[in-house]
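Student: Sequences listed follow chains A and B, in order.
Under our numbering, read the first sequence as residues 119 to 507, first letter to last.
Under our numbering, read the second sequence as residues 563 to 1165, first letter to last.
Keep in mind that the hints were calculated from the coordinates and are not lab data.
What you are looking at is a predicted structure, and each value in this text was computed from that prediction instead of being measured.
It cannot be assumed that every hint is accurate.
Taking lysine to any residue pairs in the SDA-like style, the calculated list, with each CA pair at most 25 Å apart, reads [unchecked claim]: (1) Lys1131/B x Asp261/A; (2) Lys1137/B x Asp261/A; (3) Lys464/A x Lys1137/B; (4) Lys1130/B x Val507/A; (5) Lys1141/B x Asp434/A; (6) Lys1084/B x Asp1021/B; (7) Lys337/A x Asp261/A; (8) Lys464/A x Trp388/A; (9) Lys872/B x Lys464/A.
What follows is a list of derived Cβ distance ranges for each label pair [claimed, not checked]: (10) Asp223/A x Pro1152/B: 34 to 44 Å; (11) Pro333/A x Arg1107/B: 41 to 51 Å; (12) Ser351/A x Pro1152/B: 15 to 25 Å; (13) Asp416/A x Glu920/B: 41 to 51 Å.
Backbone N, C-alpha and C define an ideal beta-carbon position, used for all residues, glycine too.
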Amino acid sequence: MSRSPKRPSCRCSSWMMNDIHVYIHLPFCKKKCDYCDFLSGKYDEDTKRAYLDCILREIQYYGPLLSDRRIRSVYFGGGTPSLPDPSYISRIIKTIRDRHTLKKDAEITIEMNPGTTDERKVKEYLELGINRFSIGLQSANDDELKALGRIHDFDDFLYLYDLLRKNGASNINVDLITGIPHETFSSAKRSLETVCRMDPEHISVYSLIIEEGTPFFEKGAENLDLPDEDTESAIYGMTRRLLAEYGYGRYEISNYAKRGYECRHNLAYWDLLDYIGFGASAASRIGNRRYTNIRDVDRYIRSREPVFEEDILLDDDECMSEFIIMGLRKTSGISLDDFSSRFGRKIREVYGESIGKYEKEGLLEIKDGRLSFTERGMDVSNIVLSEFV
Amino acid sequence: MNIPQNHIRNFCIIAHIDHGKSTLADRILEKTGLLTEREMQDQVLDNMDLERERGITIKSQAVRTVYRAKNGEEYIFNLIDTPGHVDFNYEVSRSLAACDGAILVVDSAQGIEAQTLANVYLALEHDLEIFPVLNKIDLPSADPDRVANEIEDVIGIEAMDAPRISAKAGTGIDDVLEEIVNRFPAPAGSADSPLKCLIFDSLYDPYKGVIVFLRVFDGSVKPGDRIHFMATGKTEEVVEVGYFGAGRFIACDELSSGMVGYITASIKELSQTRVGDTVTNADNPCAEALPGYKKVNPMVYCGVYPADTKRYPDLRDALEKLQLNDASLSFEPETSVALGFGFRCGFLGLLHLDIITERLEREYNLELVTTAPGVVYRVHKTDGEVIELTNPSNLPDSSEIDYMEEPVVSAQIMVSTEFLGSIISLCQERRGVQTGMEYMEETRVLLKYDLPLNEIIYDFFDALKSRSKGYASFDYEMKEYVRSELVKLDILINREYVDALSFIVFRDSAYERGSKMCAKLKEEIPRHLFEIPIQAAVGGRIIARETVKAVRKDVLAKCYGGDVSRKKKLLEKQKEGKKKMREIGNVQIPQKAFLSVLKLDDE
């Protein structure tokens, strides 16, 4: 897309950091869930092999570009990264180690779905140095899991969780979704309590969004027996309170963690740090360049060189806007000093009017040199953030 | 070219909408050889795209054609087209006044409709010779004998021998042409008397100035003559005279008594040449003007605002351009707290309003927000002053008002007996007073009602159609002003008065209208960070209320990972949505909300 040299480039480009974060997209699933609009689905073995080759090639391709960068985190997302044989993961990690500098204490996460993993896999992941496991549970209620089109039940999850703990996994995340078919206030509360009692280090709670192109969208939201607006709001409020009771601190709109277990990889997105994505549909940000790989597995495999869905050079204004939009998702918000040192301007000079307005309305606050949402502000953050785009 | 006056026929075609007037006009022009096949557009007389799409004729025009009759003689036909809608009643009457005869086209399947009657009465008022034509005989449902009977019974003109034609298929047209020669009288009047012409239309041309369409009754006029417009009092020198070819003007040396043609005289403003005015020779004037002239006044007013406030100057330019060719359109600037800068526009009726707003949107590419249309109320103040109220916001304080009057029309509705009950209740709901009811046939009834104009300008026609499954037809004319219990209904959003939503309503309807408006607005106004009361008030007293609850949660709690674009797009969409809103106090109101309240009776 636009890489016109006329465009003033953002100071981000000179604000090169030594560290980088790596995302790897593995789109394979046993079966695609009915609400999912990520690039994922069933693929045959040949495609999986070819895809792996391309990922490895892509990692090598960017070798020179990242030669002086140290990798602080690696994240295997999907799809279902736990589906293919662990040798698949091991070849990727090996290539990264060969071509790049992977820091010793790097956070390495793999997303897993219950019903796709056995003990052999878990052991091998741990041997490879994977130190964070993110399980897509979504709900602890079997009827709700069925309604979402998941392939597993709650017992499958328990089996996987025990397996991980037994083998020494010490950093586990559990993903949940609220606002799903058949859900009630009490069923949502039960799911949350069940998970909290198991004591994972990290819990993410997302809202179901009916996205175009999914079976849910085809069926129509009105035919899905979704909780109504008021119930959903109540669940949303309860989530925050309940997780706090169990000692999980909210550090982003949808993310909660025991102290010290915040996900470093995700924080990189919200802190507008550099990250590079490998695989179809993976997104990258390096300095003021932001691009997304082609969102199509076949085209990704076929092309010899990277093909992009989007490839943009951001100007100063866009970088500032993204810094705020992403940064304010964190409960700690953004540091005013960070902003000034990054962009050479005070945040008040640029956004003084909007900030003042929402401060007055009690949605934003400035405290200890940071700008952040109040609790109420976070609940209605879209209204506020839409003024910063 | 010297044509004996007795070889001229000046006539029009009258019909209910869709009964085939324009098609018959095309066939006449075709048969008289004025046009080659190649020149033939589908409908020659309607030359605005919009007219063709709506299937109605807006501006009256005329065309001159030469016919060689069966008796071997050549005749000049001046076919004067008339607008077919009640909004343009006065223009119709002036067009008829320029004719000596009228062809009455009746659909042989549908029979007489409300406009058929209205047009016949109008033609009779002007002493026109009328002969009927039974059209659409090729339709399977055609029953020309029944319809001929109906014409004789209801209208009382001979119809058994009427030409039975299909204008579409081109059958029977020769009979019509012969009837024109034989049935219609040649124009009366004398070429030796002082000049006396009737203006029946005019057109603005950027090169020639105003082109005045007229019928010469007495005398003659040629370039260089000094002419006098008797109603406006202006005097001008004639630059050009001529007649109407198909779609073009053909200059000639002189127009004399009995002829239909045009003159130009370097006139810059259309308002100077009023339809119905008499033109005479300034140096040898006629004794008195032709009867029937009146100044047409807009009957319906509404506020017209650009959706994008920056396009206010474009809207003004567009209105000025439209006015060049439509003297009945009036507008003056107004401002609204809610909608910014716009214009209060006056129209002849709702159709006229629709046509103008559509042309603004289509031809000038403007997106508009219009306020509820209202009629002209007469406010009698306690100090004796009488105000003609066109904008509800200007209503004086109730303490200053002695009483108010509203315009009432007399309406004719033709309906089959099957739907009689529901149409009568519709008229009653709209405060109608029945003035007559006549059976046309066993199954069809002509209902006569006096109805307040403000009850029919919103959606009466739609309601009529839906309650009669599309079979009722309707026509009306302005009758009088009557005293009425009227109040101004105000809408308050978050306790702020929204001027663009105020309107005048009959006192007993205020509660119902107010409740409906509040309910509708509640649907249209998005949830805000705070609770928003929506209230309807009459004279400061709240009569209805709804509440838009505060938004509890509007947050994107989805896992998008590093995909910043999608997140941004959602926020951008939200921002775009906000831009299209109007701000009242601290409430964002979508423009759609202003339009939605115009259609309260959709359910």
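Student: State for each hint whether it applies.
Tutor: Here's how the hints hold up against the structure:
1. For the hint pairing Lys1131/B with Asp261/A, the CA-to-CA distance comes to about 34 Å; that exceeds 25 Å, so the pair is violated.
2. Taking the CA atoms of Lys1137/B and Asp261/A, the gap is about 38 Å. The hint is violated against a cut of 25 Å.
3. Only pairs whose Cα atoms come within 25 Å are accepted, and Lys464/A paired with Lys1137/B is accepted, the gap being roughly 24 Å.
4. For the hint pairing Lys1130/B with Val507/A, the CA-to-CA distance comes to about 7 Å; that is within 25 Å, so the pair holds.
5. Between the alpha carbons of Lys1141/B and Asp434/A the distance comes to roughly 23 Å, so the proposed pair stays at or under 25 Å and holds.
6. The suggested pairing of Lys1084/B with Asp1021/B holds, with an alpha-carbon distance near 22 Å, which does not exceed 25 Å.
7. For a cut-off of 25 Å, the pair hint linking Lys337/A to Asp261/A stands: about 18 Å separates their Cα positions.
8. Between Lys464/A and Trp388/A the alpha-carbon distance is near 20 Å, which keeps this suggested pair within the 25 Å criterion.
9. Proximity of Lys872/B to Lys464/A is assessed by CA-CA distance (about 32 Å); at most 25 Å being required, the pair is judged violated.
10. Range check, Asp223/A to Pro1152/B: Cβ separation about 52 Å, and the 34 to 44 Å hint is violated.
11. Here the CB-CB span from Pro333/A to Arg1107/B is close to 42 Å, well matched to the stated 41 to 51 Å.
12. For Ser351/A and Pro1152/B, the hinted distance range of 15 to 25 Å is satisfied, since their beta carbons lie about 23 Å from each other.
13. Against the hinted window of 41 to 51 Å, the Cβ-Cβ separation of Asp416/A and Glu920/B comes to about 49 Å, which satisfies the hint.
Hints 1, 2, 9 and 10, counting from the list given before, are not met by this structure.
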